[in-house]
Amino acid sequence: MSIAKFDPNLLIVTWGPFLLNGFESGTAVTATLYQPERYTRKSAYGRSIHTLTTDKGGSVTVRFQADSPSLIVLATQIEIDQAPGGNVVYPMMVKDVNGFDAIVSPLARLVTIPGIEYTDTEQPAREFMWM
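First residue of the sequence shown? That's 1 in our numbering, and the numbers climb one at a time after it.
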């Protein structure tokens, strides 16, 4: 498993037509690749076997401030996805401010939805995960 962390202040995150913003300060956008891209193992005869993995599955985790404008967009997409026949899957792109792609996913679904609770104090950050 490979994990990369990015400073959200230096990123542009898009999910389909939506530009996501309002990231929690002091946190990182975390990308996890479930399988290593390449690996090497030894055969019974002592020869090295180099393998390229075709499984490119992974996840992206982002923490938003409680007053982030992106929360309204994400909540709407969650409602559509959970409705009968709903299937909200968009391309996801995470790139740095210079425009270089860091993470590109042709199809990403929002899978982890934070619980929303009432409190008289400051609201905690909301964490979302896409796969």
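Because the hints were derived from the structure by calculation, they are not lab data.
Mixed in with the good hints, there may be bad ones.
Straight-line alpha carbon distances no greater than 27 Å define the calculated DSSO-like cross-link-like pairs of lysine-lysine that follow [unchecked claim]: (1) K42 to K5; (2) K95 to K5; (3) K42 to K95; (4) K42 to K56.
Okay, the calculated beta carbon distance ranges per label pair [what the hints assert, rightly or not]: (5) D55 to E127: 36 to 46 Å; (6) P91 to D55: 40 to 50 Å; (7) P124 to T54: 13 to 23 Å; (8) T112 to K56: 36 to 46 Å.
We treat Cβ as the ideally placed atom computed from N, Cα and C, and that holds for glycine.
Structure-based check of each hint:
{"no.": "1", "hint": "K42 to K5", "result": "violated (31 Å)"}
{"no.": "2", "hint": "K95 to K5", "result": "holds (13 Å)"}
{"no.": "3", "hint": "K42 to K95", "result": "violated (37 Å)"}
{"no.": "4", "hint": "K42 to K56", "result": "holds (23 Å)"}
{"no.": "5", "hint": "D55 to E127: 36 to 46 Å", "result": "violated (25 Å)"}
{"no.": "6", "hint": "P91 to D55: 40 to 50 Å", "result": "violated (19 Å)"}
{"no.": "7", "hint": "P124 to T54: 13 to 23 Å", "result": "violated (39 Å)"}
{"no.": "8", "hint": "T112 to K56: 36 to 46 Å", "result": "violated (20 Å)"}
Hint check: violations occur at hints 1, 3, 5, 6, 7, 8; the rest are consistent with the structure.
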